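Number of protein chains: 2
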Amino acid sequence: MGEFDIIREVFAPLTAGAPGAFNLIDDVALLEQQNLVVTKDLMVAGVHFLPKDPLDLVARKLIRANLSDLAAKGAKPLGYFLGCVWPANVKREAIELFAQGLREDQETYRISLFGGDTTAHATKTGPLTLSATFFGTPPKQGLTPRGGANLGDDLYVSGTIGDAGLGLAALKKEFKFTTVDKASLATRYHLPEPRLSLGAALAGLATAAIDVSDGLIADAGHIANASGLRAAIDAVAIPRSPAAGTWIAAQDNRWRALAALSGFGDDYEILFAAPPSMRRSVTVAAKASRTEVTRIGSLTRGAGVGLLDERGAEIKTSSTGFDHFKR
Amino acid sequence: MGEFDIIREVFAPLTAGAPGAFNLIDDVALLEQQNLVVTKDLMVAGVHFLPKDPLDLVARKLIRANLSDLAAKGAKPLGYFLGCVWPANVKREAIELFAQGLREDQETYRISLFGGDTTAHATKTGPLTLSATFFGTPPKQGLTPRGGANLGDDLYVSGTIGDAGLGLAALKKEFKFTTVDKASLATRYHLPEPRLSLGAALAGLATAAIDVSDGLIADAGHIANASGLRAAIDAVAIPRSPAAGTWIAAQDNRWRALAALSGFGDDYEILFAAPPSMRRSVTVAAKASRTEVTRIGSLTRGAGVGLLDERGAEIKTSSTGFDHFKR
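If you're matching them up, the sequences are chains A and B in order.
Read left to right, the first sequence gives residues 6 to 332 (my numbering).
Read left to right, the second sequence gives residues 6 to 332 (my numbering).
The shape of chain A in the complex, shown without the other chains (with noise of 0.2 Å):
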């Protein structure tokens, strides 16, 4: 039993009739005559993450993570509901400092609280649970769908790839990098940068478009399989940081290196497709957002991913992505 499968087969028949669920292959939903888009997202401690974590930066997280979702479809955000099942044993301290990190990043977005629910769990073992459910405006032009690329689109990806996951490693000391590096690579993991302007200048421009959680490798197939198409990615091609550049030379395997790196997950950059006719004006889109913007592949006849090599040969992925129900 995979989360895809429990997805497609149990949930999505639950929202016949409602055409803005798009099936739910998407990460957001339209309600069309209220003009809304709608997403959802939940993070459990000791899943999502590490117990640990300062709880102001765990706020922060829910925010982007959720406001990536919309930075994907070009939409802007509006404000979101919270729910929170805190711990039996909760102190007031940690409300508060949970509570300051929603304030720091609801000025940061110019977002709201506009309700929500707060309760415990029946055990001091209970983990922190949180969900969030955020709106805000679609784009004129329409929201990015997620199955819209055609056959020869190009594939792209904003930022770099692999961080969030090496700043996962260095915090759970399964690496040793720099201070610097280490410093880095934990804030790609505990603040992602949701794309918003660039999502939004890509409105009307790109042809497909998801935020990468999953993973890249995961992600492009979420692309692919939507769009009918196979994705191919040029693996040389994928926007690496300095860090990440440090960790690949340490690596034995750099080809491997580079697989692992398109595995990891919380990147929460904004990966697209759009037609090869469009590179210029997708250039522009990049500079007015001041986001880089990396061509990394194409969208190819077939189904799921392939990760190429300088010669074109397919490197062998052992991640499909993560999934909550195959662990």
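Check before you lean on any hint, since a few could be wrong.
Since copy identity is lost for identical chains, a pair holds within one copy or between any two.
Unchecked claim - Below, in silico cross-link-like pairs of lysine-lysine (DSS-like), each with a Cα-Cα straight-line distance of 30 Å or less:
#: 1; residue 1: K145; residue 2: K81
#: 2; residue 1: K321; residue 2: K81
#: 3; residue 1: K57; residue 2: K129
#: 4; residue 1: K57; residue 2: K177
#: 5; residue 1: K321; residue 2: K187
Calculated from the structure, these hints are not laboratory results.
Every value quoted in this text rests on a predicted model; they were computed, and no experiment measured them.
For chain A, the structure is supplied; the task is to place chain B on it using the hints.
Chain B in isolation, oriented as in the chain A frame:
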């Protein structure tokens, strides 16, 4: 530290600039521009439902508890977003049973699932945690507020009070009921009836309304506090089911039993205020919606809630309602 202090002191300031958040004193928020009412309720195994409760009933209670919030405001439900955190070892059959319950009540209430998030705890002991965000349209007369009651208004409640709490006691074998009574009380606990027709009929008529989820006394206190008044409740007038009547007759002290009934949660009836000049209209609204409505008291000068015996003397009530941070 109490749940309501946390909401008022820590979270309410985060809604500044969002008038539709009602400073978090109501169970719903209004997105005015979008003409949308939104409510969000969490349910956690071991807190809001029994870990052994059949999962189709849990799903239906989740839907009904949320619909009850919309009902009290006179809103018409449209759909919902769902977040589920399953224990790590959940079986597919369990998720399917849960979805079957959702499907049943989606049909009953003509609503659709629009989106959400499905995830799993890191451990087998992580309790099933459910989060639902429901939305609907406000009545054209405007939402029935929580704090709009005026001095001298009558106080009414729909249906009967205390049955869900007795149902929980029956399921936990804390009191022995006849088989018939146990079944009817357990149903009241598992399957509340959101009073959607009554709520809609009361729009523009009731000056204040709330759904009774924390307990009659606690929720009367919410209306009283938000309205700057005192709720005086005539204990003998509180509507009781035959099963509750049997239970009261078996208790040593009738007044203490009535106070206990009024402290139980999970009734999901509508408690509302309306001016005495509107008694006829209230009767008409109750008839039109085929819902029993009982006048149980009035709003007086002062603060808090008084539960009064037949001589008008105050009955001591121990419960001030369920508080997730005071257990």
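- At 30 Å max between alpha carbons, let me know whether K57 reaches K177 within a copy, between copies, both or neither. within (11 Å within a copy, 36 Å between copies)
- Query: Is the C-alpha distance from K321 to K187 at most 30 Å within one copy, between copies, in both cases, or in neither?
  - Reply: within (28 Å within a copy, 60 Å between copies)
- Message: With identical chains, the pair K57 and K129 could be close in the same copy or across copies; at 30 Å between alpha carbons, which is it: within, between, both, or neither?
- Response: both (15 Å within a copy, 20 Å between copies)
- Task: First find the shortest C-alpha distance between K321 and K81 inside one copy, then the shortest across copies, and answer within, between, both or neither for a cut-off of 30 Å.
- Result: Neither, since 38 Å and 52 Å both go past 30 Å.
- Item | Within, between, both or neither: K145, K81 at alpha-carbon 30 Å | both (11 Å within a copy, 28 Å between copies)
The structure is inconsistent with hint 2 alone, although it conforms to all the rest.
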